[in-house]
Amino acid sequence: GENVEQHPSTLSVQEGDSAVIKCTYSDSASNYFPWYKQELGKRPQLIIDIRSNVGEKKDQRIAVTLNKTAKHFSLHITETQPEDSAVYFCAAGLINQGGKLIFGQGTELSVKP
Amino acid sequence: GAVVSQHPSWVICKSGTSVKIECRSLDFQATTMFWYRQFPKQSLMLMATSNEGSKATYEQGVEKDKFLINHASLTLSTLTVTSAHPEDSSFYICSARNHEAFFGQGTRLTVV
Chain Y
5 GENVEQHPST LSVQEGDSAV IKCTYSDSAS NYFPWYKQEL GKRPQLIIDI
55 RSNVGEKKDQ RIAVTLNKTA KHFSLHITET QPEDSAVYFC AAGLINQGGK
105 LIFGQGTELS VKP
Chain E
584 GAVVSQHPSW VICKSGTSVK IECRSLDFQA TTMFWYRQFP KQSLMLMATS
634 NEGSKATYEQ GVEKDKFLIN HASLTLSTLT VTSAHPEDSS FYICSARNHE
684 AFFGQGTRLT VV
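Which chain is which? The protein sequence lines are Y and E, in order.
In short: position in the first sequence from 1, add 4, done, that's our numbering.
In short: position in the second sequence from 1, add 583, done, that's our numbering.
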C-alpha cells in the first residue's frame with residue numbers, strides 16, 4: 005500500500021521568511037496530492053492540491069511542486085505570517101478512489117513575529 | 584462549499600461501553616466516506632472506507648468487530664466503537680469527497 009513520509013517534523017521560521025515542507029510517496033499509481041493545515045483540535049483544511057499531470061501549482065503565497073519520477077512533492081510558503089503557524093499534512097491518493105488519502109506524519113510550523 | 588458534519592464533537596464514556604459517532608454530508612451525496620483516527624501530535628491514520636449499501640473496507644490492523652461502520656444512506660455514515668477501552672481514546676475524523684475531500688469537525692473520544 006501507499007506510504008507517505010514527511011519532513012521536517014517541526015519547522016521554525018521568522019515572519020517574512022519562506023517555509024518548505026517535503027514529502028515522498030511510495031505508490032507510483034497515486035495521482036492526487038493535497039496539503040492540509042490543521043489547527044489544534046480542529047479539522048484539517050485543504051490549502052492546496054496538485055494532480056499528477058501538473059508539475060507546479062501556485063495560489064498566492066502557497067505553492068506546491070511535484071516530481072513524479074522521484075515521487076516527491078513539496079509545499080512552499082512565502083512571506084510567512086504568524087497566522088500560518090499550525091500543523092501541515094501532506095497526503096497522497098487516487099482521484100477515482102473518492103477521497104481515500106494516506107497522510108504524512110505532519111510538520112508543526114511556527115512563525116515567530 | 585460542501586460541508587461534512589460530525590456528531591458528537593466530544594464524548595466521555597466508561598470502559599466497556601459503546602459509542603456511536605455520526606458523519607453526515609450536508610449538501611452532497613457521498614457513496615463513500617472515510618474514517619480516520621488521530622492520536623495527539625500524530626498524523627491521521629485511515630481506519631476504514633465506508634461504502635453506502637455494502638460492507639466497509641478496513642485497513643490492516645483495524646478490528647472490524649470493534650469499529651462497526653454502517654453507511655445506510657447517501658448522506659450518513661456511523662462509526663460505533665464497541666466495548667471501548669482507554670486505549671481507544673483518540674480524535675476520530677470522517678471525510679467525504681465532493682470535488683475535494685471535506686472533513687468533519689472530529690470527535691474527541693475519552694474512555695475512562
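Honestly, the hints are just simulated from the structure, not real lab data.
Take these hints with a grain of salt, some might be off.
[Unchecked claim] Label-pair restraints from in silico Cβ distances:
(1) E:603 <-> Y:45: 17 to 23 Å
(2) Y:63 <-> E:590: 29 to 35 Å
(3) Y:11 <-> E:597: 39 to 45 Å
(4) E:638 <-> Y:58: 34 to 40 Å
(5) E:666 <-> Y:46: 25 to 31 Å
(6) Y:76 <-> E:666: 39 to 45 Å
(7) Y:112 <-> E:653: 33 to 39 Å
(8) E:670 <-> Y:49: 24 to 30 Å
(9) E:597 <-> Y:58: 48 to 54 Å
[Claimed, not checked] Now the stretches of chain Y that chain E is said to cover, found in silico as 3 or more residues with beta-carbon under 8 Å:
(10) 58–72
(11) 103–111
Note that beta-carbon positions come from the ideal geometry of N, C-alpha and C, so glycine has one too.
Consistency of the hints with the structure:
The hint said 17 to 23 Å for the Cβ distance between residue 603 of chain E and residue 45 of chain Y, and at roughly 21 Å that hint holds. Taking 29 to 35 Å as the suggested C-beta distance range, the pair residue 63 of chain Y and residue 590 of chain E conforms, at roughly 32 Å. A C-beta distance of roughly 40 Å is found between residue 11 of chain Y and residue 597 of chain E, which places it inside the suggested range of 39 to 45 Å. Between residue 638 of chain E and residue 58 of chain Y, the C-beta spacing of about 36 Å keeps the proposed range 34 to 40 Å intact.
A beta carbon spacing of about 29 Å between residue 666 of chain E and residue 46 of chain Y agrees with the range 25 to 31 Å that was offered as a hint. Take residue 76 of chain Y and residue 666 of chain E: their Cβ atoms lie about 42 Å apart, and the range 39 to 45 Å holds. Between residue 112 of chain Y and residue 653 of chain E, the C-beta spacing of about 35 Å keeps the proposed range 33 to 39 Å intact. At about 29 Å, the beta-carbon gap between residue 670 of chain E and residue 49 of chain Y stays in the expected band of 24 to 30 Å.
The hinted window of 48 to 54 Å between residue 597 of chain E and residue 58 of chain Y holds, with their beta carbons roughly 50 Å apart. With a threshold of 8 Å between beta carbons, the proposed coverage of the region 58–72 of chain Y by chain E is violated, since 0 of its residues qualify and at least three are required. Coverage of the region 103–111 of chain Y by chain E holds. Counting CB-CB distances below 8 Å, 8 residues qualify, and the rule asks for three or more.
When the structure is compared with the earlier hints, a violation turns up for hint 10 alone.
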